[in-house]
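Residue numbers (this note's numbering): 8 to 340.
Check before you lean on any hint, since a few could be wrong.
Unchecked claim - Each computed SDA-like pair below joins lysine to any residue, with the alpha-carbon atoms no more than 20 angstroms apart: (1) K207 <-> F219; (2) K283 <-> E249; (3) K283 <-> N330; (4) K326 <-> E23; (5) K11 <-> N321; (6) K11 <-> V122; (7) K59 <-> G269; (8) K283 <-> A232; (9) K59 <-> G19; (10) K339 <-> A40; (11) K283 <-> V314; (12) K207 <-> N330; (13) K339 <-> P316; (14) K212 <-> S173; (15) K86 <-> G119; (16) K87 <-> E144; (17) K207 <-> G119; (18) K59 <-> V122; (19) K59 <-> C18; (20) K59 <-> G119; (21) K253 <-> Q227; (22) K326 <-> D55; (23) K339 <-> G130; (24) K253 <-> V273; (25) K339 <-> C18; (26) K212 <-> R333; (27) K11 <-> A322; (28) K86 <-> C100; (29) K86 <-> E102; (30) K116 <-> E144; (31) K339 <-> V327; (32) K253 <-> G281; (33) K283 <-> S294; (34) K282 <-> G269; (35) K283 <-> T167.
Just so you know, the hints here were simulated from the structure itself, not pulled from any lab data.
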Amino acid sequence: MSIKAYAAHGCGQALEPFAYEPPPLGPHDVDIAVTHCGICHSDVHMIDNDWKMSRYPLVPGHEVVGTVAATGSAVTHLKKGQRVGLGWQSGSCMECEWCIRGDETCCPKEEGTIVGRHGGFAGAVRADGRFAIPIPEGLSSETAAPLLCGGVTVYTPLKTNVQPASRVGVIGIGGLGHMAIRFAHAMGCEVTAFSTSPDKRAEAKTHGADNFVVSTDAEQLRRAAASMDVLISAVTVDLDWEAWLKVLRPRGTLALVGASPGNVSVPVNALIVGKKSIQGSAIGNRSTIREMLEFAARHGIGAQTEVVPMSEVNAAINKVRTNRARYRMVLKN
């Protein structure tokens with residue numbers, strides 16, 4: 008079976024039509040016929056080899072929704088024709104202490120869907136079937152696709168840190184941030200959107216924000232001091248982290264989900280006084296992805312998307328690369 012796809016043949020290059028022959032289907036493998044695939048900024052990082060782990064030709068795409076086309080001999084929980092989703096992680100050893108604990112994302116042998124293998128900017132993609140998650144009927148494929156990476160990336164620290172009465176701040180109202188607002192609002196939290204763009208106030212309110220702070224306005228940020236229980240940083244720029252710690256209430260948590268450059272440098276006393284913490288968070292395990300999708304279906308949460316044909320992949324990638332997507336680009340076969 009030849010899989011038709013779009014691949015970058017070198018660092019930073021435009022994607023071109025590409026075809027490859029997958030190896031024989033393994034016992035736990037599934038082939039997914041791709042109907043929709045979101046474009047995550049991580050795809051751009053991989054195309055540009057920003058993380059020094061890309062292999063070319065590279066077929067990006069790790070926010071996949073499609074139907075099961077073939078199953079390995081050991082796959083019993085999925086059926087042909089069933090709609091499933093596949094996110095950043097496509098496999099793990101399933102034997103180490105982390106996998107046994109349900110923390111597959113910490114497995115030293117975890118496999119990324121587009122790391123050393125071909126992803127979902129294609130007609131089909133192959134993965135360990137145990138990482139293919141059924142999509143609830145209440146979610147459309149186009150709005151569900153970005154949830155499989157971007158959505159669970161913001162859902163995981165919310166699930167870990169918030170209570171219904173929590174005051175949650177979201178830094179950056181973009182591809183990640185707008186989903187964080189929607190989830191936090193549905194969890195019953197009081198949500199404050201922090202943005203450098205004053206013109207995003209109305210949109211932030213439609214996503215569920217109760218309050219809006221222009222983060223470049225020193226007086227507005229001063230008034231926000233000691234007001235948040237949890238801050239979700241969804242930006243990919245270096246920030247004054249010490250200043251953001253001042254926005255937290257005692258025992259507050261700053262959760263970093265955006266891959267910001269530089270280092271996080273804060274005075275030790277900024278953490279000790281008030282018992283504050285800084286936390287890194289990446290995607291979510293299989294159980295959390297399943298839970299997140301069910302929660303999203305129950306509350307009518309999806310990403311705000313712009314859907315384009317798979318053949319327009321380069322134009323869509325350019326919108327993501329130049330921060331012109333509102334808010335997630337999704338490719339459709």
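Results for each hint:
{"no.": "1", "hint": "K207 <-> F219", "result": "9 angstroms, holds"}
{"no.": "2", "hint": "K283 <-> E249", "result": "11 angstroms, holds"}
{"no.": "3", "hint": "K283 <-> N330", "result": "32 angstroms, violated"}
{"no.": "4", "hint": "K326 <-> E23", "result": "17 angstroms, holds"}
{"no.": "5", "hint": "K11 <-> N321", "result": "16 angstroms, holds"}
{"no.": "6", "hint": "K11 <-> V122", "result": "18 angstroms, holds"}
{"no.": "7", "hint": "K59 <-> G269", "result": "16 angstroms, holds"}
{"no.": "8", "hint": "K283 <-> A232", "result": "14 angstroms, holds"}
{"no.": "9", "hint": "K59 <-> G19", "result": "12 angstroms, holds"}
{"no.": "10", "hint": "K339 <-> A40", "result": "12 angstroms, holds"}
{"no.": "11", "hint": "K283 <-> V314", "result": "41 angstroms, violated"}
{"no.": "12", "hint": "K207 <-> N330", "result": "14 angstroms, holds"}
{"no.": "13", "hint": "K339 <-> P316", "result": "5 angstroms, holds"}
{"no.": "14", "hint": "K212 <-> S173", "result": "18 angstroms, holds"}
{"no.": "15", "hint": "K86 <-> G119", "result": "23 angstroms, violated"}
{"no.": "16", "hint": "K87 <-> E144", "result": "16 angstroms, holds"}
{"no.": "17", "hint": "K207 <-> G119", "result": "33 angstroms, violated"}
{"no.": "18", "hint": "K59 <-> V122", "result": "11 angstroms, holds"}
{"no.": "19", "hint": "K59 <-> C18", "result": "10 angstroms, holds"}
{"no.": "20", "hint": "K59 <-> G119", "result": "14 angstroms, holds"}
{"no.": "21", "hint": "K253 <-> Q227", "result": "13 angstroms, holds"}
{"no.": "22", "hint": "K326 <-> D55", "result": "15 angstroms, holds"}
{"no.": "23", "hint": "K339 <-> G130", "result": "10 angstroms, holds"}
{"no.": "24", "hint": "K253 <-> V273", "result": "11 angstroms, holds"}
{"no.": "25", "hint": "K339 <-> C18", "result": "25 angstroms, violated"}
{"no.": "26", "hint": "K212 <-> R333", "result": "15 angstroms, holds"}
{"no.": "27", "hint": "K11 <-> A322", "result": "19 angstroms, holds"}
{"no.": "28", "hint": "K86 <-> C100", "result": "23 angstroms, violated"}
{"no.": "29", "hint": "K86 <-> E102", "result": "25 angstroms, violated"}
{"no.": "30", "hint": "K116 <-> E144", "result": "32 angstroms, violated"}
{"no.": "31", "hint": "K339 <-> V327", "result": "16 angstroms, holds"}
{"no.": "32", "hint": "K253 <-> G281", "result": "10 angstroms, holds"}
{"no.": "33", "hint": "K283 <-> S294", "result": "28 angstroms, violated"}
{"no.": "34", "hint": "K282 <-> G269", "result": "24 angstroms, violated"}
{"no.": "35", "hint": "K283 <-> T167", "result": "15 angstroms, holds"}
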